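A.B. asks: So the sequences go chain by chain: A and B. Reminder that position 274 of the first sequence reads as 273 in numbering that gives the first Met the number 0, one-by-one numbering, no gaps. Reminder that position 116 of the second sequence reads as 115 in numbering that gives the first Met the number 0, one-by-one numbering, no gaps.
Because the hints were derived from the structure by calculation, they are not lab data. Remember, it's a predicted structure, so these values are computed and weren't measured experimentally. Worth double-checking, as some hints may not be accurate.
Stated by the list, open to error - Pulled from the structure, derived: some chain A residues nowhere near chain B, Cβ distances all over 12 angstroms:
#, residue
1, Leu67
2, Phe75
3, Met76
4, Leu121
5, Leu123
6, Gln124
7, Leu126
8, Lys128
9, Val136
10, Lys162
11, Val173
Stated by the list, open to error - Simulated pairs of lysine-lysine, BS3-like, Cα-Cα distance not exceeding 27 angstroms:
#, chain 1, residue 1, chain 2, residue 2
12, A, Lys166, A, Lys309
13, B, Lys74, A, Lys101
14, B, Lys74, A, Lys287
15, B, Lys77, A, Lys5
16, B, Lys38, B, Lys74
17, A, Lys101, B, Lys38
18, A, Lys198, A, Lys101
19, A, Lys198, B, Lys80
20, A, Lys128, A, Lys101
By construction, the Cβ of each residue, glycine as well, lies at the ideal position given by its N, Cα and C atoms.
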Amino acid sequence: MEINSKRIAKIIFIMLILLVIFIPISDVLGVTSSTAADTETAQEFKGFLAWMLKIGTGPLTAAIATLLNIVLIIVFMLLYFIFSPISAGLAFPFPDQVIFNKIGFFDPNFINPTDVGGSPVLILQTLIKNLYYTGFVIAGAVFVVAAMTIGIKLALSTIASEKAHYKQALVTWVTGVFLLFTTHFIMLAIFTVNESFVKIISDATTNIKFTFQWTEAIPLIGNSVTNILNALTGFFGGTEPLGVVPVYGYGGLLIKFASAALGGDLVASIICGILLGQTCAIIVMYLKRLFYSIILGIIAPLIIAADIMKKSL
Amino acid sequence: MAKSDGEKGKGLYENWLKNFTINIMTQSFHAFLLMFILKMLSEVNSVTTQTATHLETNDGILAVLSIVGMMGIIKFEKLIKQLFGIGESLSGSLQASGMEAFQGFKAASKLSGEITQPFKKSRESRKTMNKLGTNLGLTPNGENGTGTLGKYIKGIGNVAGAGGGAGAGAGGGPGGGPTTRAPLSNRTQELYDKMKDAKQNGDMDLYRAHRDHAVTQMKSEKIGAGGGPGGGAQTSGNNTGGTPKMTSQQQVEQYNDSVLENRQDSRKKWLNSAGTLAALSMGLGATDTTANALTIGNILNDPINAAGNRYIEHGENITANKSTGDSRYDEKTVSNAIKDGFTRATSNMRNGDGKLNPVKITVAAATSYVATPYNAARGVLKSSKVDNVDNI
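Okay, chain B solo, but in the shape it has when bound (with noise of 0.2 angstroms):
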């Protein structure tokens, strides 16, 4: 937040110099209470009196008083440090400062872990996808001659039922006959259609439910795999020895639905990409400390990513949802409200007009990549302490 000019003025040099200069000037403090003690103990030792005992009273009482005195130094010094408000660390708003630094720095690291989100996603999807590939008896550029992921995709609703032998069967031979497929139970047929229904309504979540339902029950009934002799897709991977089968059309069903998935998550984490960085020069533009900056851009970014969420999971079937009328997942709805949260949270990087100054962000994003190390390191520094003197 903006800090007054007077607030800024009791800074870091300040605190330094006045620690210094009392470390130091300790000394001739120190040497002006010896001096001070010395010249009493000449006093009294200057006052002699002649008895037969070991220790003379007046040594007794030059004890006494040198104890005392070298006392009195040694607990000077932290008399002093106290009248002068030298505190326990080096500076009066260090600790302050250091707990922004700190607070600033943990938004940062978990803003730039959302940021890589997307790359580490994409590696993610892509081994997914490949993995149900090979299943599929499919590679990605078709070496098996079965044309690629994309080709087939388009075709995933041709290929049950289909005489798909030839176009579409890893090692398979000439093209045999259409792909048999054993019959499903009623209640495994009862979830699939409840399936189809959920997804053409729009209820993602309702439709993986059924789908993980109808799997478990398929597994648990056996349906073998289907496929004739020289055709029809193979699963390559999965006919282990008592490992129930799905058929070509199951296989490809829970195929689609992986790429669809992964294509949504792949979105949402580039969008929350997108969010984070629009949250960062947001906070910049709020603020004029990075610190507090990257705190706020965290705070901002998770319902900059929540927005987009939603309107990526329910975006995939506004086309479907128009249909039923539904306005909570309308397009226009979802995007009035997502420009209307942005136009909120920038308003300090816009002009006069109310358009975005891209100049503004920019240097603000460039400004942010600059400090940021620069508190970071300064939080380190800050946070070692310089203790003074303890109770000795």
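One chain only, chain A, in its complex shape (with noise of 0.2 angstroms):
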């Protein structure tokens, strides 16, 4: 594999990136802490968010973001009704649900499918096996054919370079026949391996959640409400305010987002929106995953039989 000097600086430059908003946690926790120590980069960024914050709330962005929800509800209408039917009850293809393969219509494994209805690989699994099969058959007869043809020329040719020429052939074919008949054992274990992985990692999220209060969804009064709710779980010595939602997951983050998108906020807006164009990438990624691990599998015994034929002859 040759990594150019390009290549090498792309990637340096993307784990600068990475490291320049993560590694400096404790002048974000400064942000956000009371406790922490006001170092001046943090107090200047607290200042600024603060600004961006304030300008979306004001009436003339209100009806600029009232246009915008229209935007951002018909999307999510959209990708609710194509999904709900599809989902298991999960109605809402979020990102971590998507990638920690809670979503069944995601899953690629068409050796070992989930038992999800909806599954493209559920549903296509007759066809899918057929295929497979007469790919395997064709590259049998391909492998017969390429064993008749080594063999004549192994018999035939009188130089010994040639010769070793073709016995190395006959070692490469038996090789392909080796992986033609475990190549779905190879797969399998790819799928399983990956499976493995990603439940160990979504079992360990499983307990991150947020918060919002859902009175900031309602519209025009949702600040007062929300106000009003604040005070009174003060008066009675409350310790969560009336309202408050737990939501978990990235999932929980756009519609803590989407609530107050809807309250009028045009940052919030903004932000939901792109989270939202966010999770969209996400799902084509996945779909696009999907059947090309579909036609990569199918396709398999095919590719065998080519290379070998390439090799060999």
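Combine both chains into one complex, guided by the hints.
C.D. replies: Here it is as structure tokens:
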């Protein structure tokens, strides 16, 4: 594999970006923590963010936010109606649900598919099996012809170097036959390893939660209602404000900002729009992955046959 | 061309396995990154401040971190694929192999077209000869009682000026007197004489040029068809109003020329077909991949056919050329040149003693017939690109 200097520079640049964002946690925490030391950078960042958040709630921006919210609602509803019948009760394909294999629709494991209704792999399982078997038979025929050709050439060749070449071709042929009969096990192993990794990681993130007050989503009077509820909580000595809803995972974050967006906050609408766009990107990426995996799996026997023919003849 | 085992090692299967593994395992990388980002976000979220603003400052930080993090996850896939060297197509060598197979396929199409030429040409030849024969009142099986084409061709020299009524007339009555023909003008006679001289000298191109010129001259002079009552060859197809007519002799000459030309073309095409098959076999002997063999066969095909055509064109008049002493078209020179060329081209298909090994030739040809459809299918299969995830 050739890694040229451009590629190395690109990799280093991306790593630096990630480091810059994630490493200075103290500064980030300093922005939000009242007990941490207030560095100058943290203060500046806090001030900038506060200004950004403030400008999103003016009367002028509310109208723009409303228009943006209409678009967001349409996209939300589309995704909901498309995926709710096929996602086993989980009505919306949040990115973490897609990545952590919680939605069977995106599972590419056509050898051992999850028993979830609506999964394309489950629906196409018979077709995939038949196509794979057809490719297997064609590859077998090709191997038979290749064996005959190598045998004839080995028998007829008189030059020692040619004989050695054809003997090597025979070894390659045997390797090819072995791969032909074991490739589906290799694919199954790859699927299993991936699913195990993903399960371990998703189990580690089940308790990550965010909170939001659903009353903020009420248009026009949302702020007032939230303030009343907070006052009541303080009056009765409660620690958790009324109307606070816990949400989990990345999807929870999306709901949190969506509720703020519905309250007329333009910045929240923009943030929600970006997050929704990224959700669509993840969905498209995993749909592509699903079909590429199926196609790659189906053509596996033909690839083996073609590779062996190329190497041995 | 022969490849080393090392070059052959980086094959389709390795690239397929790499693609498949990365395609599936990308999810694990994504999951790990997402876990890292969610942990980070949860730490930020756990530090809360109580303010009256709609969105808290920490919510803004949450938003920035989540957007940047998710962007990193989306871009990470492309980075991973670049790190593992997965390009645009399924295999790094697929594009080169696909081009190779395509070139071979094109060469095969051209060569197979040349192989079938004799069959097409013989069909055209028969049509031309039948048409001309009909115009002269003849049919191939002699239904009109005028004898076969072969007999007529033999008697070509005797028809003009002879009493050919009974022997060569379509619908002719009892044999009449000798055929008469209208006298040729001086110019036409001159051209006719030049035609004959050129033919005797073996210069067929000049002969044809003078013949065509003579026909044009005669048409312009409107020479009538010959033949007295009850005899003579009639031009059944040419006696349309206003159409210039030729004499019997000229018609026969034209027919004779067409026969000779068709025969020559037919021989050329058959020799070309054989030359094409020979070129294919030579290509196979010289290489070890069918696609390259077809390409090389295509390259060899043209000079072999050119040599064969030259042999045919001048072979018809070699006897006449001997008397002129022109050594360019000498039979020995031409045949030696063809032999030398063939020896050089088939050097890989010979035994140690220099003799051609028919088994090697047969095996090579048989292998090519088996491998050609396989390679064509492989070219089609490989030419379908399976892209990686694009920039989203």
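A.B. asks: State the violated hints by number, sorted upward, taking the hints as numbered earlier in the document.
C.D. replies: none
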